[in-house]
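The primary structure of each chain is shown beneath.
There are 2 protein chains.
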Amino acid sequence: MGTSKGRLTLPSESNFLQETKELLERWGADAIRDSDGTKLDEDIKQLDAKIYTTYFVARGHNDFATEHMEECQQLYLMSTFNLAKDTQVTIDFMDGYFKEQLKPDYIHDAKKYWEVIDRTSGKIVPTDQWSLNQEENTVIVNQAIPYHEYTVSFLVYAIWDPTQMYNHITNNWGDKPHDIPFDLRQPASHNYAKKYLKQWLKDNPDTDVIRFTTFFYHFTLVFNNLGKEKFVDWFGYGASVSVAALDAFQAEYGYALRPEDIVDQGYYNTTFRVPSKAYQDYMDFVQRFVAQEAKELVDIVHEAGREAMMFLGDNWIGTEPYGKYFGQIGLDAVVGSVGGGATLRMISDIPHVKYTEGRFLPYFFPDTFYEGNDPVIEANTNWLTARRAIMRNPVDRIGYGGYLSLAYKFPEFVNYIELVADEYRGIYDIVKGTKPFTALKVAILNSWGAIRTWQTHMVAHALPYKQIYSYLGVLETLSGAAMDVRFISFEDILANGIADDIDVIINAGDAETAFSGGDIWTNPKLVTTIREWVDHGGGFVGIGEPTAHQFQGRYFQLADILGVEKERGFSLSTDKYFTQQVDSHFITDGLDISECIDFGESMKNVYALSEATEIVEYSDGEVHLAANQYGKGRGVYLAGLPYSEVNARLFIRALYYAAGKEESYTIWNSDNIFVEVHAYPEKGKFAIVNNSNTEQTAKIYDGQGEGRDVTLAASEIRWEEII
Amino acid sequence: MGTSKGRLTLPSESNFLQETKELLERWGADAIRDSDGTKLDEDIKQLDAKIYTTYFVARGHNDFATEHMEECQQLYLMSTFNLAKDTQVTIDFMDGYFKEQLKPDYIHDAKKYWEVIDRTSGKIVPTDQWSLNQEENTVIVNQAIPYHEYTVSFLVYAIWDPTQMYNHITNNWGDKPHDIPFDLRQPASHNYAKKYLKQWLKDNPDTDVIRFTTFFYHFTLVFNNLGKEKFVDWFGYGASVSVAALDAFQAEYGYALRPEDIVDQGYYNTTFRVPSKAYQDYMDFVQRFVAQEAKELVDIVHEAGREAMMFLGDNWIGTEPYGKYFGQIGLDAVVGSVGGGATLRMISDIPHVKYTEGRFLPYFFPDTFYEGNDPVIEANTNWLTARRAIMRNPVDRIGYGGYLSLAYKFPEFVNYIELVADEYRGIYDIVKGTKPFTALKVAILNSWGAIRTWQTHMVAHALPYKQIYSYLGVLETLSGAAMDVRFISFEDILANGIADDIDVIINAGDAETAFSGGDIWTNPKLVTTIREWVDHGGGFVGIGEPTAHQFQGRYFQLADILGVEKERGFSLSTDKYFTQQVDSHFITDGLDISECIDFGESMKNVYALSEATEIVEYSDGEVHLAANQYGKGRGVYLAGLPYSEVNARLFIRALYYAAGKEESYTIWNSDNIFVEVHAYPEKGKFAIVNNSNTEQTAKIYDGQGEGRDVTLAASEIRWEEII
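Sequences listed follow chains B and V, in order.
Note that the first sequence covers residues 1 to 723 in the UniProt record's numbering.
Note that the second sequence covers residues 1 to 723 in the UniProt record's numbering.
Note that these hints are calculated values from the structure, not bench results.
Accuracy of the hints is not assured; some may be wrong.
Copies of the same chain look alike in the list, so a pair counts if it fits in one copy or across any two.
[Claimed, not checked] When the alpha-carbon atoms are kept at most 25 Å apart in a straight line, the in silico BS3-like pairs for lysine-lysine are as follows:
#1 K566 to K466
#2 K123 to K683
#3 K230 to K604
#4 K432 to K525
Take the sequences, apply the hints, and build the full model.
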């Protein structure tokens, strides 16, 4: 039996009362939830626990939806590139799309809302030069220019909710009806959603917490003609578009969005694209609508005396918790999936709610809970990475999902979660609401700023990509480091300058992406503001292709601060003499990088600008790690930073160095990369935490920088009093 | 004693008569030359051989030059980037330059000919906002904008010839006078050069061949404040610039060149830069001047009954042998250094001369000819790589340089060159002037076209660079392949379309360089011309970042032909399903690439556009080699192509495949990558050549594709009759 109770949500299911009671007790759970594919029996709902019930606003109501197919959600899509071999080209614009998910919008005037673009010239094809064949789903371009490529940007109706579609196809649900997503911007849907919720609350008196999964618009998820994922963008506004939205936008903003503002040459304004003004306007427009509509639903929930919780995912578009309008919704809570430290902080830092909840891994599904596998391994890994972040700012609750009956068959797992739950509650009791010791204040600088708090370099939630892993060490490291982290945009700097209390600015990303910044770096105000700030003592850390845009003899526009530049071939004629590594450097001191530092995908052809650059790592004819004094401040360059314990420590050291605060590195710290020290001065306590699952010995440093040796058991967290 | 005689030039020196006679005999030499630092005695000049004498036009005449320092050659230079911390910044514009080589031009009006640029805004600073301090060599910018960076573009006089400077410093020549380069565009220099040459011819009646080393303007070679190389561009026009040239240019073209047209943001219009219109105008302007002036000197030589030979290097700027005006000079011969097959062809293909001569390696210098070293090794390597190219188009003469007395101390080397000389003459007698069997006609497409024939991806002649070696396999392979090679520019295609007889177009280079092409790829006429041509059966081979420029949803503008595109982060949300290598492919058939193909620096993040793309090599989540059917034609993509025997064969196979001529691959060919077959139908002969220095067995194929096995000794060339 657990030694403490509360702050834990248990999934349950039908015919599982006794075991649910047992686990409720052992794990100290105080809430019970249903999951995708599970329902709670009446007797379970009567247990001494809050009841969460999953609630779908804009799908799962096919009785209504099939009667109002004209209120289906819509998307703008772009066809493939179609080569004209003569003066006419026929474009099968639905080619490659999944016809069970999407069907062309033939209700609205294609000549008004669609666009045919000559991708070879970049010009819009006049509407009188193309025609639409609705029987064949084709657009015929007349007066085409031979050997130009053409695309069609067109509107479709979404006739299948993507999450249900995914589950339906993955689990072979056969002829189970397809959930049809409807659009609350439409009159019938608007009324229906509110009316239904009111009735539902009456019909479900045992539900304490309405778990909205989620509100209105799903992140963009489009399947291909084989019924497999074709396009996925967890941040994508694709499914929020509709003729109604376009018309409302024009009325409000005084200009019409072009289809191209949404399809964006086929890149669809993903989070890696430097956002256009039109797309930013559109996002703002959708966010305000979603916040207003969601607020009305939340108000209904509150009027019924219940709590409103939002799942951070699925139909979450427009609700961005770090956006400008989230607070207006008035939610009680947000719950989200925890994949590691950064995703934990993505949830726990959410403002304007009474509490946050992290759904931990593993999900109780047969892919992990099968005979011969040990689910404790995944649970332990998940817990250790999340715990680092919890030490900085804990979620208010933890929980699990899936089939409890599956997990129950693994007694070691049940035991382990019992320990985790107690440990979590022990941490929470000390850490919640107090300000942990903070060595530095750092700001992540990109095109997005706050709205992508803890969400940089993400394509589909938690999926790995070759092009992103080399940047993921940034957030993962910071999620558990003794640093305050904020996310600022270029516009923030242009509008407000740089806050006085920031120690280090970080710019990390591939050239021309929103995370690096693209041509904003030619803005003199931006670069001079940063230069002045660094010159006066600030730290600037660039990773990958920071500040990169070819302009006026530089690729890295802040090459002067970073001390390095990238050779693109233009300056091969200039001799590069500065290749000598420094003998030792604070950034790498004491780290076991005798083999090599893992820069992930790394970055080619970076060289030192002058002998003043401190080259910390040079190999294969390239600089991968360097530092540079710039007035009273410093620049640091890193070729890449995949997450690992050694990289985390290297990055932390780099941040101290950039901030010019090396002397305080041994305040509340340890000399072992697997051991971290978290101090809570207001509480008079500090924790020594072993982030590894093996025993560790470390010299740990107290608030005066005094060191002593400690040995910690695998995964141990040891609390001590500050003397 | 050699079995044949002629076509070989021997270097000689003072007090070396007997040995010179011996080697003249053994190597079959028919010409004797001096070298840098050697002089020929009178008795040697009386031997039965032509006498070459090195001749400097615009340097090595300090008696004249010191009297006319106002006629020194000039350059435009750019200062470093200078950060303004307040509203005034003082720029030490000579910082980093070698004051023994260069001194500021204070004769001409700096306000007219210099430029101060705000590199943060890209704007020119008005001349009334800066002043020049000649005592301090500084420019003071007033009304500077804090935290903007400023550069000064300024004129200098070159007071030391770069080649002599290099030799002087390298060999510690102490107080030996510095050769001062003077400018034939100036009146006194103009007259002096001709007058001196006339007298010199009278004074040197034994000289048969005037070896111009070279004409007027040295390629750009600037040293730094430590007396080391700072900037080197073998193609650079930097040292051709002068006030006189600028004024003449303006008078002729009707517009003035800006300093920025020459300094080009500090990139100085290197051969990797996409050339601007102004720079192309300027090159043309210089070439016409040089051709006209050089012609006058050559005419004087001819009037004296001698031959005029040009060394391809040093002061060769404006004489480009594949340029429009080279033929007008009327030279008898060109001699150049042979580093391999591509440089051999760079010499042997030169039009408009009676003969070409290749100076082979090793140079007879102590760096190779020292006790314990075997110079035969370098000689053998040099010969085998050059021989491939000689089999296609031989130079008319071979030769050596340096101290003959050094080489003479290595009897094995003397023996080896005797063999090489005989082998060379044997090949020449058969190959010269006949059309070898040619399987394909290929065109290298870049911004430069013909003027850079056999000279792509070159920084400083024969020096290796990390950023170029991955492309050097292209020319080196082609130099000895059964293919006609031409070099075409984008402008050629825009003006004239694509010649009917071209089988394959090759575009190889890093994005935005002149070799890839940069934003010319947004020109609809260019891409449609190529698309139509490929669609009708042409082959298009892209290497590295071919056709790359971000525009309208594509980075590779001919992604449709290549079948591949590069992921820059913008389309990460689009699933990439096409990752399956084909089981086998013509391009790699029979090649021993079981370990891996060497793509050199390779190229990251390239993916297949559709299932139609034939992925030949896929690893590390990327496509590195692929082919794609496009109408009746084909595209082929290669991530990089450093030179090696296996890569050469792979590339040749790729070209056959792109051309759709796989069925003729076994005409005059072999199945061993070290063995090549060269056929000369008009002569009724073919050669089987072992390019390696070990014994090789191969199946070789005749003109009907009939195969038989042969075994060749190391380096053997075996001649047979065509039956």
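Q) Honestly, which of those hints from before does the structure not fit? A) 2 and 4
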